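> Given the sequences, and given the hints that come with them, work out the whole structure.
Note that the UniProt record's numbering has the sequence shown beginning at 1, numbered continuously upward.
The set of hints was computed from the structure by calculation and includes no laboratory data.
Careful: at least some of the hints might be erroneous.
[Said to hold, decoys possible] Below, a list of computed lysine to aspartate or glutamate pairs in the DMTMM-like style, where the Cα atoms sit at most 20 angstroms apart:
#1 Lys19 <-> Glu68
#2 Lys28 <-> Glu92
#3 Lys88 <-> Asp44
#4 Lys296 <-> Glu4
#5 Lys131 <-> Asp101
#6 Lys28 <-> Glu4
#7 Lys131 <-> Glu149
#8 Lys134 <-> Glu174
#9 Lys28 <-> Glu68
#10 Lys88 <-> Glu72
#11 Lys28 <-> Asp115
#12 Lys19 <-> Glu41
#13 Lys131 <-> Glu174
#14 Lys42 <-> Glu167
#15 Lys134 <-> Glu148
#16 Lys28 <-> Glu41
#17 Lys42 <-> Glu72
[As the list claims (entries may be wrong)] Pair ranges (Cβ atoms, derived):
#18 Lys136 <-> Glu185: 42 to 48 angstroms
#19 Gln284 <-> Glu185: 50 to 56 angstroms
#20 Gln284 <-> Gly768: 42 to 48 angstroms
Since the model is a prediction, treat every value here as computed from it, not as a measurement.
Just so you know, even glycine gets a beta-carbon here, dropped at the ideal spot from N, CA and C.
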Amino acid sequence: MSAELVTLTIDGRTARVPKGTLLVDAAKSVGINIPVFCSHEKLDPAGVCRMCLVEVEGARKLTTACTEPAREGMVVHTDTPQVSEARKSVLEFLLINHPLDCPVCDKGGECDLQDLTFAYGPSTSRLVDGKLHKPKAADLGPFIVLDEERCILCRRCTRFDAQVAQERTLVVGERAHDALITTAEGVSYDSVFSGNTIELCPVGALTSRIYRFRARPWDLTRVDAVCHGCPVGCHVQLHFRSNVRGVRLDRVASRPFEPLDDGWLCDRGRFNYGFVQSPDRLRQPMVRPQGAPRGKLVPATWEEALQRVALQLKATLESQGPRAVGAVGGGRLTNEEAFLLQKLMRQVLGSGNVDHRVAGEAAASLDAAPGRVTDLDEAAVILVVDAHPGQSAPVVDLRIRRAAARRNAQLTTLGPVEPELPVPHRALRVRPGETAPALERLARLLAAAGAAGGDVGEEAAVAAEMRARDGMLAVVWDGRDAAAGRALAAVLAAWRGLGREARLLVIGDQVNSRGAEAMGLRPDLLPGYRSVDDPAARHALASRWAREVPEGGLPTGRMLEQAASGQMGVLYLVGANLAETYPDRSLVDRALASDTFVVAQDLFLTETARLADVVLPAAPFTAREGHLTNLEGRVQPVGRRSTDAPAGTGADALTDGEIFQRLSRRVQAEPLFRTGQELAWEIQELAPARDGFVGALPERLLAAVARPAESRPGAELQDGRLRVVVLPALHGGGGTARFDRAYAERRPLRVEILLHPEDARRLAVVDGDAVEVETSDGPVRLRARMSRRVAPGTAAVGRGIPGLPWNRLTAASGMRIHRRLLEEVG
1 MSAELVTLTI DGRTARVPKG TLLVDAAKSV GINIPVFCSH EKLDPAGVCR MCLVEVEGAR
61 KLTTACTEPA REGMVVHTDT PQVSEARKSV LEFLLINHPL DCPVCDKGGE CDLQDLTFAY
121 GPSTSRLVDG KLHKPKAADL GPFIVLDEER CILCRRCTRF DAQVAQERTL VVGERAHDAL
181 ITTAEGVSYD SVFSGNTIEL CPVGALTSRI YRFRARPWDL TRVDAVCHGC PVGCHVQLHF
241 RSNVRGVRLD RVASRPFEPL DDGWLCDRGR FNYGFVQSPD RLRQPMVRPQ GAPRGKLVPA
301 TWEEALQRVA LQLKATLESQ GPRAVGAVGG GRLTNEEAFL LQKLMRQVLG SGNVDHRVAG
361 EAAASLDAAP GRVTDLDEAA VILVVDAHPG QSAPVVDLRI RRAAARRNAQ LTTLGPVEPE
421 LPVPHRALRV RPGETAPALE RLARLLAAAG AAGGDVGEEA AVAAEMRARD GMLAVVWDGR
481 DAAAGRALAA VLAAWRGLGR EARLLVIGDQ VNSRGAEAMG LRPDLLPGYR SVDDPAARHA
541 LASRWAREVP EGGLPTGRML EQAASGQMGV LYLVGANLAE TYPDRSLVDR ALASDTFVVA
601 QDLFLTETAR LADVVLPAAP FTAREGHLTN LEGRVQPVGR RSTDAPAGTG ADALTDGEIF
661 QRLSRRVQAE PLFRTGQELA WEIQELAPAR DGFVGALPER LLAAVARPAE SRPGAELQDG
721 RLRVVVLPAL HGGGGTARFD RAYAERRPLR VEILLHPEDA RRLAVVDGDA VEVETSDGPV
781 RLRARMSRRV APGTAAVGRG IPGLPWNRLT AASGMRIHRR LLEEVG
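Shown next, in the form of structure tokens:
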């Protein structure tokens, strides 16, 4: 039903807006800009700065336009002598103690106080006394520096923290002229979303520790792009600066896109960009000399490196056949690059051994009930299954928080470890491997007319609460357990059986998991989510490529097993640091130590690349063109390349697509494509995006997912009494974070294992104890932390944390945990 409209007059212009619209927004609708400091479209009205004062006919005094709703017949004046004098007085008051830092202030050139002073402020100062001085560089958090002298107490930052992030860490302390922005109880402002306060701040009070004093706004070239930090794909703007030393990426800012990020960024997306120009980046190819031990690499030319790879590929095809060649492509590849990798393998090399699943996930999508991020804004019930969106998809987490806190949506989490959520929710904790049975019981309870048979317990209570809500069900799942995915489909079907809408969001393990899946970078899928076992699909692709399409190949785990046993001739790893990402480190070690010829194509010399036979340096995201597909299936351009601001990729680094092209020419003397337009047409034909969205994995194919591609349920500790689960770590080093020194040193991560207090008591471990976990691969030393977020019988460790070899704890190898005081553990 459309909203009731009201008509009012603003400066002689007629405005017709929905009832309840604030005057400041009603004025914008007719082209009138009312100056503000405290007001922001994403925050609740505050009316604390008084800059937006206007005259309303019939009112006895000036009115704040940011708090006054439009009413029928209102007559408003925004540019009268009384209004102008009020604005001038407000600005004069704000400037009394404001420092004259403009020449060195990071906000200079994009400062609201500067702009509004020029437009509305006094031309001279009447101040004769000295200004009040306060601390100029107070540490507010890992990435935020507060200049208390510049703060005008608009409270945008504290309102964001309370209303959007729902954390309530930032507060206004003291009173009168001693008032300042600080944190509750003096703790560090350690929020995942802290960087948003920098953009919200209308002055230079909150500044980025990384960007501080680095550039002026007019020195920056701006390029629209998509964030490469997680599967959400937030819209960002990259700020490059050119000087005699070259071009640097100096800042990342938000580029509001309402259907996805709502204008907010997490701290990883905002601050983890220094790796682009890291001195540790690979700049030229490297090869292992003939007869040298693994780990011995020497520089080489592109010609030498590619020729060696091509010769080895040809030799393997001739001696062992195409099934002895395999490729694993990580999630940083664009859609186009993922498509080209699987085409290189299937068309040129004749091998179906392709996969993108470097961390053991089962699926990046499911067609049971494809959802959108905005569904969380409408859902009456939200169910988070085995997922930790605050660590793996923070902007999704932000919408979940808002739904629970602002709309009173029923929020339930289900899994071995309860996600960290600062809003009311119910947590169903189950042991690893028991998620699917719990979901099956929930589906039966939802489908029943009521809690039949006297059902009691938490699941019955959750089902009753869900049935009491008349609205959409939104499910967020991590996509790692195929059995849980099939059970989820039953839950969604049961909800639809009640005559209500249901939606599903799958948070993949990698940035472009969904795109790689859609492009056919899986052994069981061809481009466009067609099964490799479908003869008609294979025939259609064979006609397009003029070559027979191979049958289904091996998933990542099986390729590693083949390599470890000496049956894999060539293993091509593209952005796949399996030593850090695959759940079974022992298997990876055996594969890399075998006689298999390993080619590693990456930005850095990772643990995996160090043991390769050939290392090919790839360019970072700032040098690439193409598209990424986010967790919704939304296809988005990664950003146009700026000829004025090349990304400083290094003379010898090539994009992944260009490397695939060069390899193809050396193996078959033909390129994979001739023009970018030809490639775009081929992708649109084979993996079409309709209305900007790709399809999703059919549920029938999820049932056939081959192990060991999907995640193992967890390894046992102490004769089966504890099972280990691995948690995502947003600031972990599994991706680019560890190679960005400025970012990593501000986000130190703890090397720890989470235990339920009951289990800790049984093991005679207290909080903070140093413990040693014995595995068949050797001891792992950790710090024990007690947490009731963990289900009894479960131990949890973080993924991608330097010094924490999590994938040595996830191979079932008979581990034991000991209480043991160590001198230094994390």
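> Now look at each hint and say whether the structure bears it out.
Status of each hint after checking the structure:
Distance hint between Lys19 and Glu68 is fulfilled; the C-alpha atoms sit about 11 angstroms from each other, no more than 20 angstroms. Annotation: proposed proximity of Lys28 to Glu92 is violated, straight-line Cα distance about 26 angstroms (limit 20 angstroms). Restraint check: the Cα-Cα separation between Lys88 and Asp44 comes to about 25 angstroms, which exceeds 20 angstroms; the hinted pair is violated. The suggested pairing of Lys296 with Glu4 is violated, with an alpha-carbon distance near 73 angstroms, which exceeds 20 angstroms.
Taking the CA atoms of Lys131 and Asp101, the gap is about 13 angstroms. The hint holds against a cut of 20 angstroms. With a C-alpha separation of about 19 angstroms, the suggested pair Lys28 and Glu4 falls inside the 20 angstroms cut-off, and the hint holds. Of the pairs offered as hints, the one joining Lys131 and Glu149 holds, with about 10 angstroms between alpha carbons and a cut-off of 20 angstroms not exceeded. For the given pair, Lys134 sits about 13 angstroms from Glu174 by alpha-carbon distance, which is consistent with the 20 angstroms threshold.
Proposed proximity of Lys28 and Glu68 is supported: the alpha carbons are some 14 angstroms apart, at most 20 angstroms. Among the hinted pairs, Lys88 with Glu72 is inconsistent with the structure: their alpha-carbon atoms are about 30 angstroms apart, more than 20 angstroms. A hinted pair counts as satisfied when its Cα atoms are at most 20 angstroms apart, and Lys28 with Asp115 qualifies at roughly 18 angstroms. The suggested pairing of Lys19 with Glu41 holds, with an alpha-carbon distance near 17 angstroms, which does not exceed 20 angstroms.
At most 20 angstroms may separate the alpha-carbon atoms for a hinted pair to count; Lys131 and Glu174 meet this at roughly 19 angstroms. Under the criterion of a C-alpha separation no larger than 20 angstroms, the hint pairing Lys42 with Glu167 is consistent with the structure, at around 16 angstroms. Taking the CA atoms of Lys134 and Glu148, the gap is near 6 angstroms; set against the 20 angstroms cutoff, the hint holds. For a cut-off of 20 angstroms, the pair hint linking Lys28 to Glu41 stands: about 12 angstroms separates their Cα positions.
Proximity of Lys42 to Glu72 is assessed by CA-CA distance (about 25 angstroms); at most 20 angstroms being required, the pair is judged violated. The hinted range of 42 to 48 angstroms is not satisfied by Lys136 and Glu185, whose Cβ atoms lie roughly 24 angstroms apart. At roughly 51 angstroms, the beta carbons of Gln284 and Glu185 sit within the given window of 50 to 56 angstroms. The hinted range of 42 to 48 angstroms is satisfied by Gln284 and Gly768, whose Cβ atoms lie roughly 46 angstroms apart.
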